[in-house]
Each structure stands twice: as C-alpha cells, then as structure tokens.
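> Sequence:
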Amino acid sequence: MGDARVSTAGRLTLRTTLRPRRVASLARRARRVGLDGVLAALDREAVPCPVPGTAAGPGYTWAPADADDPGWMPQGVATTRGGGVLLVAWYSRRRRGRTAGTRVTVVDLRDRDRVRYRHVLLVRPRPWAAVTGAGRVAVHAGGLAVVGDLLYVADTVRGVRLFGLDDVLRMPDGTDVLPQTGHLHQRVLPGTAPLRWSFLGVGRVHGELSLVAGEYGRRGTRPRLVRHALDEVTGLPVAGARGRARPPQVHAQQPHRMQGVAVHDDLWVATSSTGEGSPGDLYVGAPGAFRRHRGVLPTGPEDLAWSVPGRVAWSVTEWPGRRWVFPIDVARWVRPD
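Counting in my numbering, the sequence shown runs from 147 upward without gaps.
Some clues are possibly wrong.
To be verified - Pair ranges (Cβ atoms, derived):
| no. | residue 1 | residue 2 | range |
| --- | --- | --- | --- |
| 1 | A385 | G434 | 26 to 36 angstroms |
| 2 | E191 | V384 | 35 to 45 angstroms |
| 3 | P198 | G320 | 33 to 43 angstroms |
| 4 | G423 | T367 | 21 to 31 angstroms |
Derived by calculation from the structure, the hints in this document are not laboratory data.
Every residue gets a Cβ at the ideal spot worked out from N, C-alpha and C, and that includes glycine.
Start from the sequences, fold in the hints, and give me the full structure.
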C-alpha cells in the first residue's frame, strides 16, 4: 500500500465562498438560538447499551424512533465543546424522487448518565427578489468537522458546505434549522480525478491545524487521503495565489471502504466497513503504514472524531436496528515503538 505525496496536489484546489448576508436575511424571519439554544432544549434521550466489537467501548443507541427509522441514515461525526458535545449528520433516503434533506443531531455527552439530543435541519438560504427563503440541503454528509464555530459538512461531489454553529435558528413551528453560510468548491485540473469528499476530520499534524478528507472506494479503486492546512484565526483553508488552497499532502492508494478518519500529530486512524452484518475494521498508523485490526468494530462504522485527541475517538453505525454511538480507546490499538 503506497504513501504518495504526489505531484497532483496542486491539481486539487479549493476556493472558499462565504455568503453571511443571506443567513442574516433568513434570521430576520426566525429566532437565532445558536448551539447554546439547542443544548438548552434537548428533547430526546439516548439509551445506554453495550456495543459489539473489541475496539468499541460501552455506548448508546438512539431513542426507538431514530434507532429503527429506515428513512434517515447516520453518517458524519464531529465533536465540539472540548469533546463534550457530539454532532452526528444524517441523510434522508429519497422516496419517489424526494428527500427530507440532511440533519445534524446535537448530542450532549457531558452527563453520561443521561445523554440527550436534538435534531437540527440543514437549510440553504435562497434569495427570491427582496425575500430570502430556505431550501433543504440534500447531501450524503459522510463527514463532519468543527473548527471553532465553523461546521464543515462533506458534499461528496462538490466539496464542503460551511455552517456557523451560532446561526442555528428556531422557526415559528419550534423546529431548529441551520442555514448554510458558505462553500468550499473544488477545482480539478485536467488529468486528475476529482476527489470524492466521503468523510472529514480535523486535527493537528505536527502542530499545523489541518482538515483531512478521504474517499470511500471499493476494491479496484485507489482511495486518497488529502490534507489541507487551516488558518488558525478563520478556520478556513489557507489560500495562496488567486484565492485557491492547495493541499500540502495527497496520499494515494489508501485502504478500501474507508468511512472516517481522525488525525493527531503523526497518528492517523481510520474506520472501514465490510458490508451490512459484518464487523468493521480499524486502521491505526499513518498513510502507507496503516495497521489493520480486522473485525474489531460493529457492523456499519462511519465517521470518526476525537474527544481526546490522540487517545479517544467517537463513531456511529448506520444500519437500522443496529445503530450505536460509541467511543474507541485508540491508544490501546497503537503499536508500541
């Protein structure tokens, strides 16, 4: 399995577009509550439970209405508030060509004896003459990441959608929505395959704040892991000439069927699924030098996010009836020097 800091890095660039005025216009039609307002109005409770897999610690399952719902599928994971709050993205399966969109669930882990949560729908402000309305965001959302107040949501083909956690709005009917404030658009030069933004992670790589993105790929493909340096102040990719951000690292030929990644210094961790009903795998090490731990995760593992960088990460599983939210003691699986 090769580790390539390949010359195509300059061919995979990002441009940041921000539209905060559209969010402000939409906010005039609702009450801005932010993440604090969501945490103050949690309306569902998770159920403590054992989780299968030797790498999975005791975790939780969702309330029955969410644990068994075939219409919504959990995917991306991120943490904030020092690891005490978990964010989980769900995409809605299309029915007759229509979708209910994408939502992010805010899970309060700070009281492990009573873990509660609330759903927030992702929306996209749309200007209609002098009025700004909102349309539902419909993406797979296989990856989430948080830097400060900025929420990154993977958009498989187009790049990354950006949201401000302080922008959560409570609508007149009592539902919470989070409007999109920007986009990271990928630009690919001829001769290079576009990156599929399957999952995301944020961490420090040798001290440099970084966004890591990866591709899900089956056998016969060559999945990549890409790292972008982030600005410490804005949390956005560091841009160079013409406002484009070039990744300092592109690692080719990485593990197949990856679903999530977490990075800290020189430690990289990835989850991999092996199909419904089969246990998942955990990869620990670094691109080109991963150690595969087969079958140590429950079936259907998805994205990863640190709660304690370099030591403990959280993940979720997707299949109805087998949906768990659980920690992984990563330090236990790191090979000693």
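> Hints first: check each against the structure and report whether it holds.
Quick rundown of the hints versus the structure:
With their beta carbons about 28 angstroms apart, A385 and G434 fall inside the hinted range of 26 to 36 angstroms. Between E191 and V384 the beta carbons are some 41 angstroms apart, a value that agrees with the proposed interval 35 to 45 angstroms. A hinted range of 33 to 43 angstroms holds for the C-beta pair P198 and G320, which are about 37 angstroms apart. Evaluation of the 21 to 31 angstroms hint for G423 and T367 yields a pass: the beta carbon distance comes to about 23 angstroms.
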